[in-house]
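Peer 1: First to last, the protein sequences are chains Z and B.
The numbering of the first sequence is our numbering, which starts it at 1481 and goes up by one.
The numbering of the second sequence is our numbering, which starts it at 1203 and goes up by one.
Since the hints were made in silico from the structure, they are not lab data.
Quick reminder that beta carbons are idealized off the backbone N, C-alpha and C, glycines included.
Don't take every hint at face value.
Quick list of the computed label-pair ranges, beta carbon to beta carbon [claimed, not checked]: (1) Z:His-1492 to B:Pro-1441: 20 to 28 angstroms; (2) Z:Lys-1592 to B:Leu-1215: 21 to 29 angstroms; (3) B:Thr-1321 to Z:Thr-1602: 27 to 35 angstroms.
Interface residues of chain Z toward chain B, partial, derived using beta-carbon atoms under 8 angstroms [stated by the list, open to error]: (4) Ile-1532; (5) Phe-1533; (6) Gly-1537; (7) Gly-1543; (8) Tyr-1578.
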Amino acid sequence: MIKTTNLTKYYHKNARGILDVSLDIKKGEIFGFIGPNGAGKSTTVRTLLNFIFPTSGSATIQGLDIINDSVEIRKHVGYIPSEINLYGDMTVQDFLDYAGAYHKNDFKVKQKELIKKLELDTSRKISDLSFGNKKKVAIIQALQQEPDLIILDEPTSGLDPLMQNTFFTLIKEEQKRGATIFFSSHILSEVQRICDRVAIIKDGKIIKVEKIDDIMKARAKKVRIKTPDDIKDLTNILEYKRENGHVSFVFTGSIDQLFKILSDLKVEDLTIEEPSLEEIFMHYYDREEK
Amino acid sequence: MKNLIKNEFKLNLRSLILWTVIISGLATLMLFLFPAFKDAFDQIEDLLSIYPQEFLEAFGLGADGLDMTDIYGWFGVEGYLFVMLIGGSYAAILGSSILSKEEDDKTIEFLLSKPISRTKVFFGKVIVVIINLVLVNLVVSIALLIAFSTLGEFNFVVWLLYSFAPLLLQLVFASLALLISIFITKSRQVLSIALGITIGMYVIDLISSLTDSAEFLKYFTPYEYISAIYIVKDQQIKPLYLIISIAVIVISLGTAWRLYKKKDIAV
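Required output: the full structure, derived from the provided sequences and hints.
Peer 2: What follows is the structure, given as structure tokens:
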């Protein structure tokens, strides 16, 4: 569906871009694109949509060149940007109809269905909407024409947990319909939740492309235990520290193993946290390099 | 492209109405002041005679200038300037904002994700600018038609030139402003540059008619091209000026279009 070959973009003034990004995204999969802010996620997306031109390298979507065939590509792409900026003076309904009119196919049925699912009042002016509601407008305008490829750039920011749920259900349904989804995010848990495969990007370079299950296996947890005891066997344990009656460490083994370790201790209190993406990068890849 | 034009026209409609009311209102006001002043012209001419000839010429008066006892001459001195200056400002504002506003407001991300080429975005917007400017001048032309036919002997050619010569100046300013807005997308900055050109060119026009040594400057200001004196006395726009104007419009738009097609648009 999407194939990029050594896609590179330098910005002027030495701003970070992307370097040699090569990806191969299959039809029908939900492909996660994850990395910290500023890693090059939006640059990649904007290059794919031809908002910006690559410095070198090339890419195709459905076999069509992202520069020369951009208009043809965009007939079949729905895009939800990270920042939602819409025409404030328009009403939601007028805007959605305007957006739909760029596409040949009939979008009204799907539009109504989406409006109902996302519980949006379409008579209001866009400038009067909350951030979350603007996001809904952006979601509807992207999905109403039933695109073959959906490109999402940080789509859940601003949505409350309930709406996030609805959104993920929607995306899953789109996948069932046959759509391919390119999901860019800096939040590992949401990528983990719906993606089949994931590419990790850092400083403009793809570090790794993996099945989400494999990433999960190597997934680290931040553990902090209030206990007088010490842990003897430090397999799968990194950054082991003891202070103020607590031990803390990063655990890279399975949850089952973790429970076995915990069962040998006198546990007075316990917190298990998801490490930040940066921490996962550090621990997971440090370990790989060793 | 029809979809874009329709929507763009709607988004700009309110400002179009406002500017049309201001421009045609001022023109009408000045025209209908004519009967009240007509009788007092003898005194005015005495008063004006104390000014140097060059000064009078700069404002279209004096021996070779316009006859203010005639409605066409009166309008040339007392209303046409508003149409040129305010119309020119509107054109510059419109031209400078029509593309850059999408980038400044970041709505361009939405627009460019839709299946429309940049060429169509560009020319769709240019068409909206042209439609808006034609509409402004059309309304002014109706006001002039009524005024000229009731206050004097109707002269079709002079009426036509007074009505639509400003369109030429407006298109020049709109095209230049649009070209600038490709480089500078911050609305406020591009607006001040565009208005600076509109006012600056007028100052150049004044200087070129006030000082003989700076006469060559007249080729650089579209105010000169469509000056009321040519309209009333020659009843034409000089072909050279017409060619310069069209060349400026075509080159500005052509350059802007080529740049816009290849521009990185990251908001």
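Peer 1: Run every hint past the structure and note whether it holds.
Peer 2: Each hint tested on the structure:
no. : hint                                         : result
1   : Z:His-1492 to B:Pro-1441: 20 to 28 angstroms : 44 angstroms, violated
2   : Z:Lys-1592 to B:Leu-1215: 21 to 29 angstroms : 28 angstroms, holds
3   : B:Thr-1321 to Z:Thr-1602: 27 to 35 angstroms : 32 angstroms, holds
4   : Ile-1532                                     : 4 angstroms, holds
5   : Phe-1533                                     : 6 angstroms, holds
6   : Gly-1537                                     : 15 angstroms, violated
7   : Gly-1543                                     : 17 angstroms, violated
8   : Tyr-1578                                     : 5 angstroms, holds
Checked against the numbered hints given earlier, the structure breaks hints 1, 6 and 7 and satisfies all the rest.
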